[in-house]
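*Asks:* Residue numbers (the working numbering), protein chains in the order written: chain V, 4 to 138; chain B, 16 to 158.
No lab work stands behind these hints, which were simulated from the structure alone.
Remember, predicted model here, so these are calculated numbers, not experimental data.
Be aware that a few hints might be false.
Stated by the list, open to error - Derived lysine-lysine pairs resembling DSSO-like cross-links, with alpha carbons at most 27 Å apart:
1. B:Lys149 x V:Lys131
2. V:Lys78 x V:Lys131
3. V:Lys84 x V:Lys126
4. V:Lys69 x V:Lys46
5. V:Lys66 x B:Lys54
6. V:Lys131 x B:Lys54
7. B:Lys54 x B:Lys150
8. V:Lys46 x V:Lys66
9. B:Lys150 x B:Lys19
10. B:Lys149 x V:Lys126
11. V:Lys126 x V:Lys66
12. B:Lys54 x V:Lys69
13. B:Lys54 x V:Lys48
14. V:Lys43 x V:Lys69
15. B:Lys19 x V:Lys126
16. B:Lys19 x V:Lys131
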Amino acid sequence: MSLFNVFNISGSAMSAQSQRLNAVASNLANADSATSANGKPYKAKQVVFSAIPSASPEAQAVKVTKVVEDTSPAKIIYDPKHPLANEQGYVTMPNVNVTEEMVNMISASRAYQNNVETMNAAKAMLLKTLSIGQS
Amino acid sequence: MLNKLDAELSFHQTSLRVRGQRQELIAANIANADTPNFKARDLDFAAAMQQAMSQNDPAQAKTNQITKTSDKHFDALPTTHLQMTSGAGEPLYRPIIQGSVDGNTVDMDVERNQFVDNGIRYEASLTMINGQLKKMLAAIQGQ
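Please build the complete structure, drawing on both the sequences and the hints.
*Replies:* Shown next as structure tokens:
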């Protein structure tokens with residue numbers, strides 16, 4: 004039943020987008036974490052989406068296949084008072100680009116909303132179908 | 016007699032099926048709006064509908080072969096009566112209006128537009144079926 008599959012597809016996209024939003028939250032929260040559990044500055048995380056087959060062969064769902072670390076260079080700031088500063092007074096900060104993350108956040112939130120609406124429309128259509136021949 | 020009732024409703028029933036499939040495809044496009052290298056797909060509704068209707072037509076439908084051990088056994092039903100969700104045209108790929116660097120061809124404006132359009136046409140078919148049923152009931156009851 005193809006309309007029921009819309010729930011699976013939109014649901015997969017919603018969980019994928021919320022994972023992306025999770026990564027954004029982690030990046031923004033750690034935008035200033037100059038050190039972490041392994042002693043190195045925090046590295047920004049990005050999710051990778053990929054299309055996976057769903058119940059019907061043509062319509063594909065989404066899945067986060069991996070979470071990669073951002074390879075862009077770390078930010079280096081001059082702050083001799085910082086406890087982690089090197090001999091020249093420079094501190095290595097995380098490579099989180101706050102502007103980029105904000106854009107990512109809005110994009111993820113809009114995509115999530117789109118999928119919620121898709122699901123609502125499918126639900127309304129199914130309910131209408133159920134009431135064929137009534138009243 | 017029941018055959019005629021079935022034939023009366025079959026057009027809009029087929030239309031609902033194809034619209035449902037198209038809705039699923041568009042939902043998949045919206046779901047994959049951020050997936051790299053995903054290509055947006057859609058049904059050519061007219062072609063899909065024609066193909067589905069020709070399968071419904073008993074004269075053209077491919078009947079299932081069964082081994083009969085007596086002349087009084089019935090023939091098998093055409094395939095489409097058994098598999099209501101199958102076969103309504105191959106989905107095509109959408110032409111690219113504005114390409115993106117990651118190879119994704121989903122244009123959210125087009126998809127939203129088509130999604131709403133398809134949903135309304137689905138409901139139109141539902142309304143038609145409801146009308147046909149009411150008409151039939153009125154004829155049966157003779158009021």
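*Asks:* For the pair supplied as a hint, Lys66 (chain V) and Lys54 (chain B), confirm whether the alpha-carbon distance does not exceed 27 Å.
*Replies:* holds (16 Å)
*Asks:* Given the hint that Lys54 (chain B) pairs with Lys69 (chain V), test it: the Cα-Cα distance must not exceed 27 Å.
*Replies:* holds (21 Å)
*Asks:* Sort out whether Lys69 (chain V) lies within 27 Å of Lys43 (chain V), counting only the CA atoms.
*Replies:* holds (22 Å)
*Asks:* Sort out whether Lys126 (chain V) lies within 27 Å of Lys84 (chain V), counting only the CA atoms.
*Replies:* Violated, at roughly 59 Å.
*Asks:* Regarding the pair Lys19 (chain B) and Lys131 (chain V), is the alpha-carbon distance no greater than 27 Å?
*Replies:* Between Lys19 (chain B) and Lys131 (chain V) the Cα gap is close to 25 Å, so the pair holds against 27 Å.
*Asks:* For Lys46 (chain V) and Lys66 (chain V), compute the direct alpha-carbon distance and say whether it is at most 27 Å.
*Replies:* holds (23 Å)
*Asks:* Run the distance test for Lys126 (chain V) versus Lys66 (chain V): straight-line Cα separation, threshold 27 Å.
*Replies:* Judged against 27 Å, a Cα distance of about 22 Å means the pair holds.
*Asks:* With the threshold set at 27 Å, check whether the alpha-carbon distance from Lys54 (chain B) to Lys48 (chain V) stays at or below it.
*Replies:* This hinted pair holds, its Cα atoms lying about 26 Å apart.
*Asks:* Quickly compare the C-alpha distance for Lys78 (chain V) and Lys131 (chain V) to 27 Å and report which way the hint goes.
*Replies:* Outside the cut-off at roughly 56 Å; violated.
*Asks:* Would the hint linking Lys19 (chain B) and Lys126 (chain V) be met if the CA-CA limit is 27 Å?
*Replies:* violated (31 Å)
*Asks:* Mind checking the alpha carbons of Lys131 (chain V) and Lys54 (chain B) for me, to see if they're no more than 27 Å apart?
*Replies:* Violated: Lys131 (chain V) and Lys54 (chain B) sit about 31 Å apart, past 27 Å.
*Asks:* Does Lys131 (chain V) lie within 27 Å of Lys149 (chain B) when you go C-alpha to C-alpha?
*Replies:* Holds. Lys149 (chain B) to Lys131 (chain V) sits at ~16 Å (cutoff 27 Å).
In this structure, the hints that do not hold are numbers 2, 3, 6, 7, 15, in rising order.
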